[in-house]
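Using the hints, position chain B against chain A.
Number of protein chains: 2
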Amino acid sequence: MRAREVRLKSRPVGLPSPENFEVAEVDVPAPGPGAVQVRNLWMSVDPYMRGRMYDRASYVPPFQIGEALQGGAVGQVVESNDASLKPGDLVQSMLGWREGFTAPAASLEKLPADNAPPQAYLGVLGMPGLTAYAGLLEIGQPKAGETVFVSGGAGAVGSVVAQIAKITGCRVVASVGSQEKADWLTSAGVDAVVNYKRGDLLAAVRAAAPKGIDVYFDNVGGEHLEVALELANPFARFVECGMISQYNNTEPAPGPRNLIYVVGKSIKMQGFIVTQFAGLRGQFHKDMTSWINEGRLRWEETVENGVENAPAAFVKLFSGANTGKMLVKLA
Amino acid sequence: MRAREVRLKSRPVGLPSPENFEVAEVDVPAPGPGAVQVRNLWMSVDPYMRGRMYDRASYVPPFQIGEALQGGAVGQVVESNDASLKPGDLVQSMLGWREGFTAPAASLEKLPADNAPPQAYLGVLGMPGLTAYAGLLEIGQPKAGETVFVSGGAGAVGSVVAQIAKITGCRVVASVGSQEKADWLTSAGVDAVVNYKRGDLLAAVRAAAPKGIDVYFDNVGGEHLEVALELANPFARFVECGMISQYNNTEPAPGPRNLIYVVGKSIKMQGFIVTQFAGLRGQFHKDMTSWINEGRLRWEETVENGVENAPAAFVKLFSGANTGKMLVKLA
Numbered sequence: 001m002r003a004r005e006v007r008l009k010s011r012p013v014g015l016p017s018p019e020n021f022e023v024a025e026v027d028v029p030a031p032g033p034g035a036v037q038v039r040n041l042w043m044s045v046d047p048y049m050r051g052r053m054y055d056r057a058s059y060v061p062p063f064q065i066g067e068a069l070q071g072g073a074v075g076q077v078v079e080s081n082d083a084s085l086k087p088g089d090l091v092q093s094m095l096g097w098r099e100g101f102t103a104p105a106a107s108l109e110k111l112p113a114d115n116a117p118p119q120a121y122l123g124v125l126g127m128p129g130l131t132a133y134a135g136l137l138e139i140g141q142p143k144a145g146e147t148v149f150v151s152g153g154a155g156a157v158g159s160v161v162a163q164i165a166k167i168t169g170c171r172v173v174a175s176v177g178s179q180e181k182a183d184w185l186t187s188a189g190v191d192a193v194v195n196y197k198r199g200d201l202l203a204a205v206r207a208a209a210p211k212g213i214d215v216y217f218d219n220v221g222g223e224h225l226e227v228a229l230e231l232a233n234p235f236a237r238f239v240e241c242g243m244i245s246q247y248n249n250t251e252p253a254p255g256p257r258n259l260i261y262v263v264g265k266s267i268k269m270q271g272f273i274v275t276q277f278a279g280l281r282g283q284f285h286k287d288m289t290s291w292i293n294e295g296r297l298r299w300e301e302t303v304e305n306g307v308e309n310a311p312a313a314f315v316k317l318f319s320g321a322n323t324g325k326m327l328v329k330l331a
Numbered sequence: 001m002r003a004r005e006v007r008l009k010s011r012p013v014g015l016p017s018p019e020n021f022e023v024a025e026v027d028v029p030a031p032g033p034g035a036v037q038v039r040n041l042w043m044s045v046d047p048y049m050r051g052r053m054y055d056r057a058s059y060v061p062p063f064q065i066g067e068a069l070q071g072g073a074v075g076q077v078v079e080s081n082d083a084s085l086k087p088g089d090l091v092q093s094m095l096g097w098r099e100g101f102t103a104p105a106a107s108l109e110k111l112p113a114d115n116a117p118p119q120a121y122l123g124v125l126g127m128p129g130l131t132a133y134a135g136l137l138e139i140g141q142p143k144a145g146e147t148v149f150v151s152g153g154a155g156a157v158g159s160v161v162a163q164i165a166k167i168t169g170c171r172v173v174a175s176v177g178s179q180e181k182a183d184w185l186t187s188a189g190v191d192a193v194v195n196y197k198r199g200d201l202l203a204a205v206r207a208a209a210p211k212g213i214d215v216y217f218d219n220v221g222g223e224h225l226e227v228a229l230e231l232a233n234p235f236a237r238f239v240e241c242g243m244i245s246q247y248n249n250t251e252p253a254p255g256p257r258n259l260i261y262v263v264g265k266s267i268k269m270q271g272f273i274v275t276q277f278a279g280l281r282g283q284f285h286k287d288m289t290s291w292i293n294e295g296r297l298r299w300e301e302t303v304e305n306g307v308e309n310a311p312a313a314f315v316k317l318f319s320g321a322n323t324g325k326m327l328v329k330l331a
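First to last, the protein sequences are chains A and B. Sequential numbering from 1 applies to the first sequence in our numbering. Sequential numbering from 1 applies to the second sequence in our numbering.
There may be inaccurate statements among the hints.
[Stated by the list, open to error] Below are the SDA-like pairs computed for lysine to any residue, each with C-alpha atoms no more than 25 Å apart in a straight line:
(1) K265/A <-> Q246/B
(2) K265/A <-> N258/B
(3) K329/B <-> E22/B
(4) K268/B <-> G51/A
(5) K211/B <-> Y59/A
(6) K268/B <-> R56/A
(7) K268/A <-> G212/B
(8) K265/B <-> R11/A
(9) K329/A <-> G66/A
(10) K143/A <-> Y59/B
Since the hints were derived computationally from the structure, they do not count as laboratory data. All of these numbers come straight from a predicted model, not from anything done at the bench.
For reference, chain A alone in the conformation it holds in the complex (with noise of 0.2 Å):
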């Protein structure tokens, strides 16, 4: 099998730009004693892959230069040398990035059969489901009546922190960066939509929290995480899932003016890795899947189509040009 794949062509300085990666097509082995070969059908742009573009220690190893990225994707075996996958299994991988691959069928992961279509095991049903679930259920620890304030509401995972705080029963406040995405939350039954680029978000928040608020989601970082201190109400839960208005900083920037709130309001602010909560993928998938089906839990997807456009679509999350989760359709 031939297969294009995106390399790390140089590190970004500040914005990524398309001219920091290159496409270059290999020639994809066949298996050998034990692996599979999978032609991939969808893979994931996720911001925390800003990250690894860095030179630097981390809970990831940075990516290198000249080889292929990684991330989440999902793909169909072509041909298998191993028992435990066929010709046609859907299987779930970190080898994203690229067209197809051939790799241990130990080291990837089937996926379950269910009605799902298979990219949302990209989304919400995938990493970004559960790092929304885990975040807000273990950190935040939401109760029925309480405020929940997410940013980067309509995103991939803030999507499905506003929809489960709803099923639990709380006040859900969302921030987002367009009319469209407004529309769209509201009218999955989120109580208060702001678009943060109209105006000041204290006052809008404020507006649209008036019991304060008990838990805040950050996937932004920055002006949000000031406003959410300000508006935090005694013993908030503050989960620190990311920072994405600070990954593209050249320098540092400073925290916010207010963190001292974190004392005088006994705060817990806690950052986590999705990782950690691997244990509760059972219950999780349970969860997530009843409430699909009932009609709790929707989901959108702004889709790319080719291998190619894979660094565009993931510049574009920085500009907040998807609605829901971002995908690069491959096949």
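Same frame as chain A, but now just chain B:
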């Protein structure tokens, strides 16, 4: 009884000065049914009191202009009109900043009959001690072999944190502002003491904590917090007890430039108020008195004399003039 008391004359702007306070002499009424008259022996000045001098909503109401301040005190009953207390009994109250008072017996707490000097109930065996104990053990969750960094390490809270962390089997790094304080903590068994007034704090703490920081007990905020974020290990716990470096700011100061590490390092940063751990008081008193009797936990006091010097004692907290607990001896 005639008694002098210290009143808030004006709200401090920036660093408080003695001019923000005034001393008045009042008649202390004879105790009615159920009440006692108390002569205060010791009163406490604590950094958190600065927050109550601002006119703003908080977890404790602000001090009022023209009224006597409040704070921890131990005193002796001189006249009793309640069966629960008799003259000579030692009691603890929040009616400091005055030489004496009359109050309902039920609002006071009789000191335990033990060998501790009464003023220890304003320090190691009182609110600062419980703050250190509960904050470190419940929020910090230190494990033997981990590295604990405590700022304000020679203060009433910090010095107890440092010693309990040693008892827990941790490597302990403390920051202080003088050689005298460093010498004391070293003699008390702290592994490494850094003088934050001498040069590069980041370099000094990095050298003192070669395996990184697992628990940061924050009394200071500002640069100390930024250094702790920089050196934090994955899943570090930040016990946000106080940020004394920020209490006298006249303008909001920017937060740490590396707060994004909360996400990338899965840090938990949590503020608290000691009252939420009231349920631990029994275990706290048992553990602390054992450690004191075994010689494993020591304390220092810095004592000013006379209620008229309480404002000066309070102001001295912000220049770090105290080693250990800052007290005012009233009788």
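Would the hint linking K265/A and Q246/B be met if the CA-CA limit is 25 Å? holds (15 Å)
Starting from K265/A, check that the Cα of N258/B is at most 25 Å away, please. holds (22 Å)
Proposed proximity, Y59/B with K143/A (alpha carbon, max 25 Å): Distance of about 21 Å is within 25 Å: holds.
Quick one, are K329/A and G66/A close enough, alpha carbons at most 25 Å? Judged against 25 Å, a Cα distance of about 23 Å means the pair holds.
When you check the alpha-carbon spacing of K329/B and E22/B, does it fall within 25 Å? Holds: K329/B and E22/B sit about 18 Å apart, inside 25 Å.
Pairwise hint evaluation, G212/B against K268/A, where the allowed Cα distance is 25 Å at most: The hint holds at about 22 Å.
Satisfaction of hint between R11/A and K265/B, Cα-Cα up to 25 Å: At roughly 22 Å apart (the allowed maximum being 25 Å), R11/A and K265/B satisfy the hint.
Would the hint linking K268/B and R56/A be met if the CA-CA limit is 25 Å? Given pair K268/B, R56/A holds - Cα atoms ~22 Å apart, limit 25 Å.
Checking one constraint from the list: CA of K211/B to CA of Y59/A, max 25 Å. Satisfied? Within the cut-off at roughly 16 Å; holds.
Would you mind confirming whether the straight-line C-alpha gap from K268/B to G51/A stays at or under 25 Å? Cα-Cα ~20 Å, so holds.
Checked against the numbered hints given earlier, this structure breaks none of them.
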